[in-house]
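Undergrad: Protein chains in written order, with full-length UniProt numbering: chain U, 1 to 435; chain X, 1 to 259.
For the record, the hints were derived by calculation from the structure and aren't laboratory data.
Glycine residues also receive a C-beta, built at the ideal position from the N, C-alpha and C atoms.
Accuracy of the hints is not assured; some may be wrong.
Unchecked claim - Computed cross-link-like contacts, DMTMM-like style, restricted to lysine to aspartate or glutamate with a CA-CA straight-line distance of at most 25 Å:
{"hint": "1", "chain 1": "U", "residue 1": "Lys-397", "chain 2": "X", "residue 2": "Glu-112"}
{"hint": "2", "chain 1": "U", "residue 1": "Lys-432", "chain 2": "X", "residue 2": "Asp-100"}
{"hint": "3", "chain 1": "U", "residue 1": "Lys-397", "chain 2": "X", "residue 2": "Glu-77"}
{"hint": "4", "chain 1": "U", "residue 1": "Lys-67", "chain 2": "U", "residue 2": "Glu-105"}
{"hint": "5", "chain 1": "U", "residue 1": "Lys-348", "chain 2": "X", "residue 2": "Glu-92"}
Said to hold, decoys possible - Label-pair ranges, simulated between beta-carbon atoms:
{"hint": "6", "chain 1": "X", "residue 1": "Ser-148", "chain 2": "U", "residue 2": "Gln-72", "range": "50 to 58 Å"}
{"hint": "7", "chain 1": "U", "residue 1": "Gln-72", "chain 2": "X", "residue 2": "Leu-71", "range": "56 to 64 Å"}
{"hint": "8", "chain 1": "U", "residue 1": "Glu-368", "chain 2": "X", "residue 2": "Glu-137", "range": "38 to 46 Å"}
{"hint": "9", "chain 1": "X", "residue 1": "Lys-17", "chain 2": "U", "residue 2": "Lys-50", "range": "43 to 51 Å"}
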Amino acid sequence: MSTQLTTPTDRQTAEAIAVGKGEPSWLVALRGQGAELSATLPWPKPEKVKIERWNLTAVGQYEATDKVSSIQELPQSVQELIAEGTENLLVQKNTGVAWAQLSQELASKGVIFTDLETAAKEHGELVQKYLFQAIKLDENKLTALNAALWNGGVFVYVPKNVEVELPLQAILYNDKAEATFAPHILIIAEDNSRVTYVDSTVSVKEAVQAEFTHPAIVEVFVKPGAVVRFGSVHSLAESGVDLSLRRAVVENDGRIEWIIGDLNDGNTVSDTKSVLVGNGSTSDTKVISVGQRKQQMSLTTQAVHFGKSSDSNMITRAVMREAASAIINGITKIEHGATKANGVQAEKVLMLSPKARGDANPILLIDEDDVTAGHAASVGQVNPEQVYYLMSRGISKSDAERLIIHGFLAPVVSEVPVEAVRQQLNRLLERKLQG
Amino acid sequence: MSTKFVIDGLKAEIEGKEILKGINLEIKGGEIHAIMGPNGTGKSTLASALMGHPKYEVTEGSVSLDGEDILEMEVDERARAGMFLAMQYPSEIPGVTNSDFLRSAINARRGEGNEISLIKFIRQMEGKMKDLEMNPEFAHRYLNEGFSGGEKKRNEILQMMLLEPKLVILDEIDSGLDIDALRIVANGVNAMRAEDRGFLIITHYQRLLDYITPDYVHVMMQGRIVKSGGPELAQRLEKEGYDWVKEELGITDETVGQA
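Just need the whole structure built from these sequences, with the hints factored in.
TA: Shown next as structure tokens:
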């Protein structure tokens, strides 16, 4: 096992970039600390996937990004993802923000929706209070690296009692492997507020050939009684490594819903965790993935229950083609004192070729007696009885299999909140399943 | 050309065990044939072998529909040629709505470039569902998932009505149906009786035949058709059971391929 890794960044470089961008001093210090820790901390160690064999250090160089003056200047493949007529849109290109727009109506209610760099300057106190609080900077090399490098990013703030009806949409894309692409997404939903956020994290594939690493972090703070729906579809190029950590901290009677499509063409670590600190807090997590060629994926969903009567539900469904492999971990942890908590999880893998590999590992860790918990896991092939049934109605074998596979993924696809992103997901599925 | 379905000397086995030992049967358009017999005599195997279930291997004989060799065809080709099997245990397909499935099946039959318009499809589907007294929400439910036994059977008949096959095989369509559902299903079948459509109804109860009057009744035992007659044969079987047939033919164990 090789652990000899070059350090992708150092204190001076990280701090110099931050100073050059005019970041506040607390953030400059945080970047320096991240850079230093990234040299010594180990990479995360997902179950049964040796990510240290991947190229994790191709984090690229900082390059200033110019804003576009209209969305028509964005690449066609990016424009297609934009919800028709939306006024609430953020676009990140490589290292920085290219477009940021928020409706007057939401702004007047005190909603903030901008890139995290701008937020750090304009709403410094708010950002400082929450940044790297759900996920700690010193957890591992990945978190430290993100602290040192993050750029662009997304900041969502919804004040108390404000309900945001329409989804806030972000598109984060790279079109140059050599440029750093390390978003950090921070969402704060104050008491009894409500918001839906959806992003597409994509490569302009014809333009991205060289190896790159996408170290990304999502932090969501769900205050008492608030509801946050978080949707994200990832489709990065084959030469990329997607390392995405997502974490929500949910207070009393708050709710987080995760809808994740891990549809990259390259290797992927995706770890989505809800920390249910509040009584009556709830979490619903749905993840789908399709792997092809020699892709390796580590897909983890986690729920940690501290609050009484907290409830979590996690579903992961993956389809593995060709020689792709997926290790799927579901971890439900119920802490002592979380009485009447309920945690349910299900992981299912459909394997479409003899060389594909899938592992489903449901893990229940329970330190409290007065709880309910359940898990289901299955790994298998397309059921020949189902194929026979559909064929007996005149449907060809390939169409029958396609229907069954799409049906397998349907429970997640149908939940994606933005029509344009749902269509993106369907296009990606179509391409990845046929390609 | 009027429909003609011919089974000639059909033998089939499952996992090396011969179940069908030479079936001969001819069904013309407009005719309803009933195959009756106790459990374990090969009736459902006949249905599955005709449709092409991958577990059954045909070892001898031929089957043709309007002169076309059915046994040479894949399962989907048989369906597109006009065969339909209403199954005893229809599969559940999660995530695929009933209406998406039905439309795919209709379009597969019609062929590329000749797809049914969405509006016409919905009108047809809703009309037939009404005939079958099905709750409209079943169009949007996942295919057979969580359907009761009776709902699955009605859904099979719905498919038959929409696909308008030439040769319909009903495999134990009456099992698990209460009397109301039985009447509805039978009405559906009767509504589909036509000069160019043949039926093969497999059942071990006479009661379905109170609602659908067959032209011919065949008794199956030991993987063969051992006796044929008209509707009166079904009535005698209902009254007297199968023992007299066994006695007449000197059969002690009517089953086939049982361990």
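Undergrad: What hint numbers does the structure not satisfy?
TA: none
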